[in-house]
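Trainee: If you want the building blocks of each chain, they are given just below.
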Amino acid sequence: MSDTPDKKNNQEDNDSGRRDFLRMGILTAGLAIAGGGLRKVFSEDHSATGEKVQAMTADGKLIEVSSSHISEVNCCAAPSAESRVGIPGKKYVMVIDLSRCKNAMKCQKACQKHHLLPTHDKYLKVYKMQDSPEASPYWMPKPCLHCDKPPCVKVCPVDATFKRSDGLVLIDNERCIGCRFCMAACPYSTRTFNWDEPLQPANINEYTYSPESSTPRKKGTVEKCDFCPDMLKQGLLPHCVSACPNGVYYFGDANEDTVTNGDETLKFRQLIKDKAGYRYMESLGTEPSVYYLPAVNRLFPFEEEAPTENI
Amino acid sequence: MKDLEKPHNESEAIDMLHRYNEDVLPQKFGKAGMIWVSFLLAVIVVGLYNYVQQLRYGLVVTGLSDTVSWGIYISNFVFFVAISLVGSLITAVLHLLNVKWRAPLTRISEVIAVSAIVFAGLIIIVDMGRPDRLLNMFIYGRIQSPIVWDVIVVMTYMTISVLLLYFPLIPSIAYCRDHMKNIPKWQHKMYTFLSLNWKDTNGQYAIVSKAIKILSIMIIPVALSIHTVTSWLFATTYRPGWDSTNFGAYFVAGAFMVGAAAVVAAMYILQKFYKNYDQYFTDKHFDRMGKLLVLLSFVYLYFSVNEYFIPGYKMKGEEAEHLKELFVGHYAPMFWTVQIFGMIIPIIVLLFKKGRKPLPIFIMSVFVILGAWFKRYLIVVPTMLHPLTPMDRLPEAAKHYMPTFAEWSITSASLAGALLLITLFVRYFPIISIWELAEERDIPHHTIYKNLNK
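As they're listed, the protein sequences go chains H and F.
Just so you know, we're using the working numbering here: the first sequence kicks off at 1 and counts up by one.
Just so you know, we're using the working numbering here: the second sequence kicks off at 1001 and counts up by one.
Any given hint might turn out to be false.
[Claimed, not checked] Counterexamples of contact, computed for chain F against chain H with all Cβ distances above 10 Å:
#1 1042
#2 1043
#3 1249
#4 1276
#5 1279
#6 1437
[As the list claims (entries may be wrong)] Partial list, derived from the structure: chain F residues whose beta carbon lies under 7 Å from chain H:
#7 1128
#8 1130
#9 1148
#10 1237
#11 1389
#12 1395
Think of the hints as simulated: they come from the structure by calculation, not from any bench.
If you're wondering where the values come from, they're calculated on a predicted model, not measured in any experiment.
Using N, Cα and C, we set each Cβ at its ideal position, and we do this for glycine too.
Hey, can you work out the whole structure from these sequences and the hints?
Mentor: The following block contains the structure:
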């Protein structure tokens, strides 16, 4: 947390460079696979910065282009009806290692960017937790827990929010009536509501809505963390997982019994067993797909200050 | 103010019924009536303007946030549903109990019930983020959702209530059709249309009486259901203050109490503005309604004690935070005002015979009604401010809830709308059902009406 502002900016530049690189890769891979039948999800305007980024073309050459010429094209977010079917054979789980979290907030930042979220809407929150007055506080990232017995899905009057075979709980915002019963029912305060017309890029209407990317966002509907199924379909990790500098998040498939934080791949069940993994508010019986590893033997001491923009 | 007397012979009976029917014929608004209607219309127009703004800009015009995602629209909805239970109380429960003084109160209570349930339906649409997708409820409705249960029972209740208002009204409309002169043509046409060719035959009365009896029985389980299911919208969640098995009975008890108060208030206002009504709404009626109200208040007190004392005794975790906020915290002034003025003082006053005179019982009823509105606010909002997750890193706006002017104005418009509906009904229809009154007193009204019409 001792980064000077300059350092921070440099880091961000590097980050965005890496992301754009990845995007270009996705773009070209998508082009190669799916030809013209692509669904673009969104693009961001980089023209103001005029920065150059490296990108890989379809035939593997590394080129440098102006970042304003790059737009993200997503091959993998299905429209509403198709998105109700899970990815075959998968049962996604997440393990969050609380001993590694130092409140860097990179996860939230990546999430905000990918889902076009303004600062007051957060799919992913990082709570300051303290289990008893004597215990040291710790940071606890909280995405949607994608419960196996989701209270939100149970109460939805129109089947707008649904549970898929791969464990994901998604929202179809072409169907949501905005009654907000799911928000009252969710004990984890996961869901957010579009109280007004969401601020989005001007060309957003060119893109097809998908519950798998939760974009374009729609006024008067409920939204939440979606575990980035558009990434999962490409065999990539959700944005929070790949953005975390400390390897807090492990993501994977319970059927394969593996989870990875990008650096290391571990046996899911063994990890939970060895490190006394638990689920948030287990007593409610919601059976979350997200497990936490207790904040013991921490990598970082708890520091109170928090990046102001994230509060 | 004297109670209606039983006539000694048929000619006296004819004379009496004729007089009574003339008494209750709808009258044109006086100056006060015009001011009242203009006031209501003004409130509605401002509310409609704000609703149009809400449609344009979204629910951002309200004070709601991701933390307090249900606010006064929802608490107002619960209030409307609660009030609407009075129809079933007076028309059905008292009817089946064969209570002999209820006839003059049936129509006004049924009008209150219908108006309230209509506006309960409307205010819930106002709360929706996407009212344009209302039909999704019917296209994609899922029976697992308590909202779908609520839609089903509210629509059923609305239907039965409208019929329970309309069937006993037909003979009265027919009387207006035949005996009201110097009225605009459209009004006469409306009476002719709505009276369904009513001819005061014994057969017609038999059908209407039977229909009323069947509906009176049908409406009781539906009435209990609407408010029980409404309470389940909260009780099916995990939130402190809502996660209660007491909620159904607690809500129903509160609903009967506020409903009875609403009828008392309506009786008082009607007999103030229509002088000849005081022979129908007599001191005896106020006294009996007072006794009923105090009984219902005791029942509500019992469930309230269960609702607050038991969790308050244990004071577990999040529940304790919520209760402290109500008992001694931010919401304590409102909480204790509501408990004391909305329940305790009315109970004490109404226990005494003098307290059940028209004026004191009217004042107590107003206390009960206001208390009931704010009580529902206290049921909805403080709980939302105590989620199970930590709040310290939320944006400031998500830590508080203060309804905006737009929200107040739309909510007020719904209340004004319900009052306008009741007012217009009183303007165009007899608010006391004379034939039911005659029946209650064993006056052979069938033959009398036929003679009257000759």
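Trainee: Against the structure shown, which of the earlier numbered hints fail to hold, in ascending order?
Mentor: none
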